[in-house]
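A.B. asks: Quick mapping for you: the protein sequence lines, in order, are chains Y and E. Numbered per our numbering, the first sequence spans residues 43 to 289. Numbered per our numbering, the second sequence spans residues 43 to 289.
Keep in mind that a hint or two might mislead.
Copies of one chain are not kept apart here, so a pair can be met inside one copy or by any two copies together.
[Unchecked claim] Below, computed lysine-lysine pairings styled on DSS-like, alpha-carbon distance capped at 25 Å:
no.: 1; residue 1: Lys-257; residue 2: Lys-231
no.: 2; residue 1: Lys-256; residue 2: Lys-109
no.: 3; residue 1: Lys-247; residue 2: Lys-288
no.: 4; residue 1: Lys-247; residue 2: Lys-273
no.: 5; residue 1: Lys-273; residue 2: Lys-155
no.: 6; residue 1: Lys-231; residue 2: Lys-247
no.: 7; residue 1: Lys-273; residue 2: Lys-288
no.: 8; residue 1: Lys-155; residue 2: Lys-231
no.: 9; residue 1: Lys-169; residue 2: Lys-256
no.: 10; residue 1: Lys-231; residue 2: Lys-273
no.: 11; residue 1: Lys-257; residue 2: Lys-247
no.: 12; residue 1: Lys-256; residue 2: Lys-231
no.: 13; residue 1: Lys-169; residue 2: Lys-155
no.: 14; residue 1: Lys-273; residue 2: Lys-256
If you're looking for bench data, these hints aren't it; they were derived computationally from the structure.
2 protein chains.
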Amino acid sequence: LQTLSDQSADLSGLVVVLVRPRNPLNIGAAARAMSNFGVRQLRLVNPYAVAFREARSAVGASDLLKKAQEYENVADAVADCGLVFGTTAVRNRTLHHPVHQLNAETGELVRQKLANGNVALLFGSEKIGLTNDDFSHCHWLLNIPTQARHISMNLGQAVAVCLYELSRAGTEEPASKSETPVTSGEMEKITQGLLEALHASGYVKPGNDAMCEKKVRELVIRFGLDAMDAKVLLGMVRQIVWKLRKD
Amino acid sequence: LQTLSDQSADLSGLVVVLVRPRNPLNIGAAARAMSNFGVRQLRLVNPYAVAFREARSAVGASDLLKKAQEYENVADAVADCGLVFGTTAVRNRTLHHPVHQLNAETGELVRQKLANGNVALLFGSEKIGLTNDDFSHCHWLLNIPTQARHISMNLGQAVAVCLYELSRAGTEEPASKSETPVTSGEMEKITQGLLEALHASGYVKPGNDAMCEKKVRELVIRFGLDAMDAKVLLGMVRQIVWKLRKD
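Turn these sequences into a full structure, and let the hints steer you where they fit.
C.D. replies: Here is the structure:
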């Protein structure tokens, strides 16, 4: 079985920057989503000190969170990044910044840029998001398409959604189906068993045999059984027929 | 500027089912993500009572959360749904359920199914996820592609990521499907009828009830019945049960 690490994108150059986060749960949630999607570099700009301390000392805090770096300003936090995205709930924040919607194309674009260097993804504080000053450090804005009336996402959830999209594997695997198909002969045994039960129970009316047989056969075909299911179903039907005959 | 409501998919038939959630913050987070992505129907199966109360009474709790419905079991919670997904972190949970990866194709598939009826998305409890018994009510499993070493996502973040993918604006044409899908409630009637016949015929051995019930339910789900086939099959099963009871 192919493991996910084989498929998923290399996000080692992706940097998540939380600007002035205030809630330790959100800091922890951001770190957890990073672990889920294989992103390692977490940076915090002026976090609320108590919140950062609590998040780091929480039970089960990840290594990633413990290694998170703290910066006094956005400029320093993104200094080594070739492309800086500012996330925003608003779709038309400033005329100066191209706004990219989070979607498959944007994800692909980011993965291309990652081949050339670090890419930063900035998330603002829970209350006010990123400021115009923060945006001045951004090349592009990134908008998660949400409902017009409920645009503002929870910080941890916004991080999860962005990283899910960016980590998307280029080519997706179809769901595998490994079942052994059932033979027509086996299906016919089920059909005949079921027909016998229907006869014994009075479901089949006189003169209606042929029609009923056709109906049952087509139904059993539509069940789309695999070999194992067919065996189980045949066992059930035979037991019922045995009981009906016996009485 | 195009607003999102113009582009985004119609998810009015999508039902989010939280099974045994224990953390009020996660319940609130799930509801918030639903608001973000335009999903309205929240159902909870056996939530931890204190958690549900706290989530509902939290400042800023959404209307959606206040209208959330509570159920005692999964069967009732999904009774009106034609397709039931169980979310799982594990990629190969059981051989009996097709596992779909969350991706663009799966999203498109769900949107097609939504054109024909309700679709349920089940999320398990924070600690243990969904149980095998929960899975027996599911048609398909849905896996969010995460890193092999950090597969388990936070509940609120998992909900957000799934709804982000499902709400993705579909430029794709909906495939036409004329069949009316069968609801889980109708399938459960077949399951219960077949179980009664199996009891009456001696197929079910003492102490084997629960296992057998699960086996039958999964088998009936795999039949992939449409509404008409389900009606026919239910009629057959009921006639057989009537006869078995009578003798």
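A.B. asks: Now tell me if each hint is right for this structure.
C.D. replies: How the hints compare with the structure:
Taking the shortest alpha-carbon separations for Lys-257 and Lys-231, both the intra-copy value of 15 Å and the inter-copy value of 20 Å come in at or below 25 Å. Proximity of Lys-256 to Lys-109 under the C-alpha cut-off of 25 Å is found in neither arrangement, the shortest distances being 31 Å within a copy and 46 Å between copies. For the homomeric pair Lys-247 and Lys-288, the shortest alpha-carbon distances inside one copy (21 Å) and between copies (18 Å) are both at most 25 Å. For a Cα distance limit of 25 Å, the shortest separation of Lys-247 from Lys-273 across copies, 18 Å, qualifies, whereas the shortest one inside one copy, 28 Å, does not.
In this assembly of identical chains, the alpha carbons of Lys-273 and Lys-155 lie at most 25 Å apart only when taken from the same copy (20 Å versus 30 Å across copies). Proximity of Lys-231 to Lys-247 under the C-alpha cut-off of 25 Å is found in both arrangements, the shortest distances being 21 Å within a copy and 24 Å between copies. Proximity of Lys-273 to Lys-288 under the C-alpha cut-off of 25 Å is restricted to the intra-copy arrangement: shortest distance 22 Å within a copy versus 28 Å between copies. Taking the shortest Cα distances, Lys-155 and Lys-231 sit within 25 Å of each other inside one copy (22 Å), while across copies they are farther apart (33 Å).
In this homomeric assembly, Lys-169 and Lys-256 come within 25 Å of each other (Cα to Cα) only inside a single copy, at 23 Å, whereas the closest approach across copies is 48 Å. Within a single copy, Lys-231 and Lys-273 get their C-alpha atoms as close as 10 Å, and across copies as close as 22 Å, so both meet the 25 Å cut-off. Within a single copy, Lys-257 and Lys-247 get their C-alpha atoms as close as 13 Å, which meets the 25 Å cut-off; across copies the closest is 31 Å, which misses it. Taking CA atoms no more than 25 Å apart as the test, Lys-256 paired with Lys-231 passes in both settings, with 14 Å inside one copy and 24 Å between copies.
When the C-alpha separation of Lys-169 and Lys-155 is checked against a cutoff of 25 Å, the pair qualifies neither within a copy, at 30 Å, nor between copies, at 38 Å. In this assembly of identical chains, Lys-273 and Lys-256 lie within 25 Å of each other by CA distance both inside one copy and across copies; the values are 21 Å within and 16 Å between.
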